[in-house]
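Chemist: Once you've looked at the hints, dock chain B against the given chain A.
Protein chains in written order, with my numbering: chain A, 1 to 110; chain B, 1 to 209.
Just so you know, these hints were derived from the structure itself, not from any lab. Cβ atoms here follow ideal geometry from the backbone N, Cα and C, with glycine treated the same way. Some clues are possibly wrong.
[Unchecked claim] Computed Cβ-Cβ distance ranges for the label pairs, DEER-style:
id, chain 1, residue 1, chain 2, residue 2, range
1, B, ASP75, A, LEU18, 33 to 43 Å
2, B, ASN25, A, GLU51, 10 to 20 Å
3, A, GLY81, B, GLN94, 35 to 45 Å
4, B, TYR29, A, ASP22, 21 to 31 Å
5, B, ALA71, A, ASP22, 38 to 48 Å
[As the list claims (entries may be wrong)] The following residues of chain A were derived to be distant from chain B, with all beta-carbon distances above 12 Å:
id, residue
6, GLU23
7, LEU42
8, GLY46
9, SER59
10, VAL60
11, THR65
12, GLU67
13, ALA74
14, THR79
15, VAL87
16, LEU94
17, HIS99
18, ASP103
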Amino acid sequence: MIHDESNQIKTATVDTVLAIADETGHSPGQIAIAWVLAKGTLPIIGPRTAEQLADNLASVDVQLTSEQLSRLDAASAITLGFPHDIVAASAASLGGGKHELIDTSIRALR
Amino acid sequence: MRYRIFGNTGLRVSTLALGTGNFGNGWGYGADKEEALNIYTRYREAGGNFIDTADQYQFGQSESMLSDFIASERDDIVLATKFSLGDSPEAGLQRTGNSRKSLINSLEASLKRLKTDHIDLLWVHMPDGVTPIDHIAKALDDLIRSGKILYAGLSDFPAWRVATAATLAELRGWSSVSAELVTVRRRFADRQISQRGIWTGTRFGRGDT
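With the rest of the complex left out, here is chain A (with noise of 0.2 Å):
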């Protein structure tokens, strides 16, 4: 086991994969690869068994909502701290007032 339960953060994550497993009628497992597909990531399942497997590999047919996503990814947001605080709360001086209107890459910056 890599991860477990270890703060509130992990728990309410595991929360909220089982609320939308049991709300789409898909496994919780399920739930969380259609999350990293969803990213545009790669997942790299690991069953143990051939159960496990049918399971892991229906998950790319599981469509999550952009509603679900948000959650989810609300659920499992960290704080990312200095100087992401800092520069998220300079954003309408950094944007001249207009930070809002500016349609900004989505490509990753160097």
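Modeler: Only chain B this time, still in chain A's reference frame:
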């Protein structure tokens, strides 16, 4: 199963990679060879082509089992393995960590166990806290030039070290690290649900991996 391009490599890999840390019983738990073959075969039948192992997984047994499974279709799969944690509890100082010597020792042992002459993607499994990233990146570049590995990745490294490796590679004309892997296994067992593990790559620079 659909396919995605792996980072900025052009390599086509299935949406789900198959982690094989449960192939074998060297850790005291896992799938026996019959069950492992069953998992492998069903994954392949579903269209999966991206197999992930490590020298450490079940202390070499995962790689050894895979060698039989992949033998007839080696070129059709993308084979990833890792080094740094050692292939046995007795691995000692020269087959663990991130040094070039550990890298060469571990890679040669993995090639023998996997019965192949190259690894498609070699991960540095975890940072050892002492080997500088420029040493690591150069050693990986040398192996790519030699043809023993095709791509390299950093697993569970801090983002700034991945960024440093990528920047050095770009400036010095080395083959860049192609991928970053982050371990995010979550356990549901305590919540009356069977344990599930997922590993993901995260976004870095030019590619999502």
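Chemist: May I ask you to check that THR79 (chain A) keeps its beta-carbon over 12 Å from the closest beta-carbon of chain B?
Modeler: holds (16 Å)
Chemist: Is SER59 (chain A) truly not at the interface, in the sense that its beta carbon sits beyond 12 Å from all beta carbons of chain B?
Modeler: With a cut-off of 12 Å, SER59 (chain A) comes too close to chain B, as the shortest Cβ separation is near 7 Å.
Chemist: Taking 10 to 20 Å as the hint, is the beta-carbon distance of ASN25 (chain B) and GLU51 (chain A) inside that range?
Modeler: Distance hint for ASN25 (chain B), GLU51 (chain A) holds at roughly 18 Å.
Chemist: Examine each Cβ of chain B, and state whether all of them lie more than 12 Å from the Cβ of GLU23 (chain A).
Modeler: holds (15 Å)
Chemist: Compute the least Cβ-Cβ separation between ALA74 (chain A) and chain B, then decide whether it is above 12 Å.
Modeler: holds (17 Å)
Chemist: According to the definition I'm using, a residue is off the interface if its beta carbon is farther than 12 Å from all beta carbons of the partner; does ASP103 (chain A) meet that for chain B?
Modeler: Answer for ASP103 (chain A): holds, closest chain B Cβ roughly 19 Å.
Chemist: Against chain B, does LEU94 (chain A) hold up as non-interface, every C-beta pair farther apart than 12 Å?
Modeler: The claim stands: LEU94 (chain A) keeps its Cβ more than 12 Å from every Cβ of chain B (closest is about 23 Å).
Chemist: Using the Cβ atoms, figure out if ALA71 (chain B) sits within 38 to 48 Å of ASP22 (chain A).
Modeler: At roughly 43 Å between Cβ atoms, ASP22 (chain A) and ALA71 (chain B) fall inside 38 to 48 Å, so the hint holds.
Chemist: Looking at VAL60 (chain A) again, its CB stays over 12 Å from all of chain B?
Modeler: violated (6 Å)
Chemist: Quick one: work out the minimum CB distance from THR65 (chain A) to chain B and report holds if it exceeds 12 Å, violated otherwise.
Modeler: holds (19 Å)
Chemist: Are all C-beta atoms of chain B more than 12 Å from that of HIS99 (chain A)?
Modeler: Consistent with the label, HIS99 (chain A) stays out of reach of chain B, its closest Cβ about 23 Å off (over 12 Å).
Chemist: Does the claim that GLU67 (chain A) lies off the interface hold, with its Cβ farther than 12 Å from every Cβ of chain B?
Modeler: The claim holds: GLU67 (chain A) sits with its nearest Cβ about 21 Å from chain B, beyond 12 Å.
Checked against the numbered hints above, the structure breaks hints 7, 8, 9 and 10 and satisfies the rest.
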